[in-house]
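K.L.:
The chain contents come next:
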Amino acid sequence: MTKFVKSNEAVVMGALYAGCEIYFGYPITPASEIAHGAAKWFPMLGRKFVQAECETASINMMFGAAGAGKLSMTATSGPGFSLMQEGLSYLAGAELPAVVIDVNRAGPGLGNVYPEQSDYTSAVKGGGHGNYSTFTLAPASAQEMFDLTVKAFEMAAKWRTPAVVFADGLQGQMMETVELPDTEMKAPDFSAWAAEGTPATRNNLVKSIYLDAKQQEEFNRHLQAKYAKMQADAMSESYLADDAEILLVGFGISSRIARTTAETLRKEGIKAGCFRPITLNPFPREDLAKVAAGKKILTIELDAGQFADDVRLNLAKMCLGAEAAALKMINRMGGEVVSVDDAVKAAKEMI
Amino acid sequence: MATIEQKGMYKVFPRSGKNVSYTHYCPGCGHGIINKLIAEACAEMGLQDETIFVDPVGCGVFTYYYWDAAHISAAHGRASACATGVSRARPDAVTIAYQGDGDLGAIGFNNAFQAASRGEKFGCIFVNNSLYGMTGGQMAPTTLEGEKTTTTPFGRDSSLTGYPLHVCEVFNQLKAPVYIARVSVADTRRIMQAKQAIRKVFQIQKEKKGYAILEILAPCPTNFKMTPDKAAQFVIDEMEKEFPLGVFRDETADHVNPKSVEVPLVKSCMELFQEKDSIPAAINDAGFAEKRFKFAGYGGQGILSLGLTVAEAARLERRHTLWFPSYGPEQRGGSANCSVVVSGTPIGSPTVEHPDVLVAMNQPAYERFAADVKPGGTIIVDSTVPVLVEPPEGVKLIKWPAIKMAEEFGVPKAANTMMLAALKKFALTGLTAENLETALIASFKKKPELGEKNRELLRKAEAHE
Ligand SMILES: Cc1ncc(C[n+]2csc(CCOP(=O)(O)OP(=O)(O)O)c2C)c(N)n1
Ligand code: SF4
Numbered sequence: 001m002t003k004f005v006k007s008n009e010a011v012v013m014g015a016l017y018a019g020c021e022i023y024f025g026y027p028i029t030p031a032s033e034i035a036h037g038a039a040k041w042f043p044m045l046g047r048k049f050v051q052a053e054c055e056t057a058s059i060n061m062m063f064g065a066a067g068a069g070k071l072s073m074t075a076t077s078g079p080g081f082s083l084m085q086e087g088l089s090y091l092a093g094a095e096l097p098a099v100v101i102d103v104n105r106a107g108p109g110l111g112n113v114y115p116e117q118s119d120y121t122s123a124v125k126g127g128g129h130g131n132y133s134t135f136t137l138a139p140a141s142a143q144e145m146f147d148l149t150v151k152a153f154e155m156a157a158k159w160r161t162p163a164v165v166f167a168d169g170l171q172g173q174m175m176e177t178v179e180l181p182d183t184e185m186k187a188p189d190f191s192a193w194a195a196e197g198t199p200a201t202r203n204n205l206v207k208s209i210y211l212d213a214k215q216q217e218e219f220n221r222h223l224q225a226k227y228a229k230m231q232a233d234a235m236s237e238s239y240l241a242d243d244a245e246i247l248l249v250g251f252g253i254s255s256r257i258a259r260t261t262a263e264t265l266r267k268e269g270i271k272a273g274c275f276r277p278i279t280l281n282p283f284p285r286e287d288l289a290k291v292a293a294g295k296k297i298l299t300i301e302l303d304a305g306q307f308a309d310d311v312r313l314n315l316a317k318m319c320l321g322a323e324a325a326a327l328k329m330i331n332r333m334g335g336e337v338v339s340v341d342d343a344v345k346a347a348k349e350m351i
Numbered sequence: 001m002a003t004i005e006q007k008g009m010y011k012v013f014p015r016s017g018k019n020v021s022y023t024h025y026c027p028g029c030g031h032g033i034i035n036k037l038i039a040e041a042c043a044e045m046g047l048q049d050e051t052i053f054v055d056p057v058g059c060g061v062f063t064y065y066y067w068d069a070a071h072i073s074a075a076h077g078r079a080s081a082c083a084t085g086v087s088r089a090r091p092d093a094v095t096i097a098y099q100g101d102g103d104l105g106a107i108g109f110n111n112a113f114q115a116a117s118r119g120e121k122f123g124c125i126f127v128n129n130s131l132y133g134m135t136g137g138q139m140a141p142t143t144l145e146g147e148k149t150t151t152t153p154f155g156r157d158s159s160l161t162g163y164p165l166h167v168c169e170v171f172n173q174l175k176a177p178v179y180i181a182r183v184s185v186a187d188t189r190r191i192m193q194a195k196q197a198i199r200k201v202f203q204i205q206k207e208k209k210g211y212a213i214l215e216i217l218a219p220c221p222t223n224f225k226m227t228p229d230k231a232a233q234f235v236i237d238e239m240e241k242e243f244p245l246g247v248f249r250d251e252t253a254d255h256v257n258p259k260s261v262e263v264p265l266v267k268s269c270m271e272l273f274q275e276k277d278s279i280p281a282a283i284n285d286a287g288f289a290e291k292r293f294k295f296a297g298y299g300g301q302g303i304l305s306l307g308l309t310v311a312e313a314a315r316l317e318r319r320h321t322l323w324f325p326s327y328g329p330e331q332r333g334g335s336a337n338c339s340v341v342v343s344g345t346p347i348g349s350p351t352v353e354h355p356d357v358l359v360a361m362n363q364p365a366y367e368r369f370a371a372d373v374k375p376g377g378t379i380i381v382d383s384t385v386p387v388l389v390e391p392p393e394g395v396k397l398i399k400w401p402a403i404k405m406a407e408e409f410g411v412p413k414a415a416n417t418m419m420l421a422a423l424k425k426f427a428l429t430g431l432t433a434e435n436l437e438t439a440l441i442a443s444f445k446k447k448p449e450l451g452e453k454n455r456e457l458l459r460k461a462e463a464h465e
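Same order as they appear, the protein sequences are chains R and S.
Just so you know, our numbering puts 146 at position 146 of the first sequence, and the rest follows in order with no gaps.
Just so you know, our numbering puts 175 at position 175 of the second sequence, and the rest follows in order with no gaps.
Source of the hints: derived by calculation from the structure; they are not laboratory data.
None of these values were measured; they are calculated from a predicted model.
Do not rely on the hints blindly, as some may be mistaken.
Unchecked claim - Derived lysine-lysine pairs resembling DSSO-like cross-links, with alpha carbons at most 30 Å apart:
1. R:48 x S:446
2. S:200 x R:207
3. R:186 x S:267
4. S:200 x R:40
Take the sequences, apply the hints, and build the full model.
P.N.:
Set out below in C-alpha cells:
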C-alpha cells in the first residue's frame, strides 16, 4: 500500500510500525508535524503521547521509559537537540535504546527554521559528554524517513544505544509516495536488563555510574568495542560511481542535489557519480574507499564543512590521504540550499 | 562489621568493587534513616517485585545498592522527568522518585513541578537537608536565611539570594497532586510519623491514585559541621521553624482520577493508515522526461492544492512524484508557492531551480520566478498580472484569465481549477487528461459535490480561446 505523505509524518508512521510505544516531545519548527502526527496516532493505537515541559524533560522521560523496557522516541530541531545532549550521553552510558529525530534548522542560536545540516557533529559524533556516539542515519526521501526510522529502532534495540535520525527542515516538509509494509513489528522484550516492575526484573539496575576508575575504563572499552562492531551495519549508496572521474559526496537532502548534479554533468559528457553515506555513524568508510579511490571528490553540504572534514577523516582512515587532501566542498548555510547550477560549476572547476 | 539484616535491603552492598554491609552515608545522616524507612515500607507492603525506584544524583545516588527492588539511576535533577517516563511505560508498577533539595528544588524544579501538575502517577520522596550534600555543602534553594554553606560563607544573604524555597507550599497550588506532606526524621517520634507518611506514598501508588510528594527534613551533620545529635537538633530548632511539618493535602480517601478524553481506537498500523484505492508505486520509465513545476501566488488562491492535484495525477500515472511548499528564504508573508517534480526515474534534487512550467497567479510571483524558467519552458500568468518584465528567451508566455473566469462562473475560489484547465488544454504536464480530472475530483474527497462541479468548470474553462 502506498500513501502520499509529508516526510515528517512518514517518521511517525515508521516509528509506529517499528513498535515504538511512547512519544515524548516539545514543539519546535520544523519538526512539529512529527509531534502532531504522534499526538493523534499514538493514542489511536493505544500507545502513548506525552508533551514534555522542555527537551531536557523529553530526553529524560525517554531515559525512564527505556530503563523500564519500552521503546520511545522524540523529534526536535537544533536548540532542542542541544538541550538533549546530556540525556543522550546518559542513554549511551546506561546502554538504553531510544530514537531521536533531529530535523536540522539553521543556526547558531535561534537562527531560522530553514534547512541546514549544521548539527552534524552533535548528531554524528556524540554531542554530549564522555566517550560515546549515537547510531545515526540520514534519510533523503519520505520513503527513507519511514524506512530509516524503522531501522533506527532496530539498531537502537540491537546495539542498546540511542539512535538519531538526522534530517533537515526542507526534507521534513516534502511530500512523496511512501510504501507501507503490511505487517508491523512487535515491541522487543528487554526484560533481561530493564526495570519493569515485575518479579523477574526486580534485581535489574539501569545506571551509567562506575565510581571505580578501572571499572569506568572497562565500560568505556566495552562501549568502544561495541561501536567497532556496529561498523558491520554501516549503509551507503552509490550512483553512476564506477567509471566516474569526479565523485559527488553528500548525505540526506544534499545527496539528492548530488544526484541531479551528476546527471546534469553526464549529459554534458563529464563522468560524474555520487556516493552517499546512509548511516553517518557508523560511517560506511569501506564503501567510500571502494568508490573514491583515485577520484576527485566534491562534497555538497548545508553546513560549514563538518561533513567534508568527516569525509576527509574517513578517507584518511582508509589510506586515501591524497584523495582527502584534494577534496573540495560546495556548501550553503543559513537556510540556503546548494543549487544544482552551483554544484555543476564547482565540479567543472575541478576538472 | 556484623551484618544486621534489614527489611527490604540487600544483605551486602557491592559498592566500589567491595562487598560491604554498611551504607555510604555519614554517621547521623538523614538519608540513612530515610533509606531504612523506605526499604521497610516497600518490603512490609509486599511491593518489592513491582516497585521501580528512580534514584537521584546527590547523596542518595547509591540507594540502588541498598533497596532490594528494581532501580533506574537518573541524571541530576531529572528524577521526576525520568519517573514520568517510567510510570508512563509501566503504569502497573509502583514508581518512586527519590530526590534531594538541589536535585528537585534547583536544577530539576520545573521537571518536578510539571510532573506534579500533570498528576503523574508516581510518588516523590524529597529529602530536604537545606544544602547540597554530595558536592560539598553548597547553598540550595532551601538553605535557611543566614545559614553558612560553602557558597554562602558569611551566611545566606536574602538580599542577594532570596528566601528558602517552600516546595510543598508551592506544589500545593496545583490541582492534580493527591498527597502533599512534610515530615522530619530528627527524633524517634518524628521517624515513626515519617514511616507512616512513606507508607502512604507507596499506598497511593499501589492504588494508582496519582501524584504524591513527601518532603522529609533531614540532617546533614557533615556539612552542618555538627555532631549527629546537634544536627538533629538543628533540624528541629531551625529547619522546622522555616519549614513547618504537616499534611498540606490528603485526598487519598476521596480522590477520583479525571475522566479521559475519548480517542477513536484502531487495532493496527495497517488499519490506521489504510487507504482506499491506494495508488501502486511508481515505475521506472526513462522515456518519460522529468518535468519541474512551480506554482506561485497569494495564500488563499489555492496554489498549494493546485500543486497537489498535479502531483496526484502524476501518481495516478505511476510517475515518481514530489511536492513541497516554499521553503527557506523563498517564504514571504502573504505569498504561497510550491514545487512539484514529476519524473520517470527517481527524483534527485527536490528544489525547482528552473521550472519547465511556472504558474504565476500574481505579480510578485511572476517577477520572482519568471527569469528562472527553462528555455523551452512555459509561463502561465493570470491575465490580471501586468507583465512588466519580458520572459526569458525561448520561454512561452500564456496569459490566462483564471481569476476572471472563476468570477464569471460565480466560483471565485476556483481560480486554481481554471489554471489547471490551462495546464490541461496546453498539454503542459505530460500527464493524461483523464488523470488530471480524476486527481481534481480526488482533491475534493471531503466534499464530493464540489469535485463534479469543478470538473464541469474545468471543461468550461478549457473551451476558452
Ligand atoms: C548537570 C549536573 N550539574 C551538577 C552536578 C553536580 N552535583 C551532583 S549532586 C549535586 C547536588 C546534590 O544536592 P542535593 O540534591 O541537595 O542532594 P544531597 O546530596 O544534599 O542529598 C550537584 C550539584 C551534576 N551531577 N550534574
Ligand atoms: S554529606 Fe550530608 S547528606 Fe551526604 S551522606 Fe554525609 S551527612 Fe548525608
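K.L.:
Enumerate the violated hints, using their earlier numbering and listing them in ascending order.
P.N.:
The structure conflicts with hint 4 only, although it agrees with all the remaining ones.
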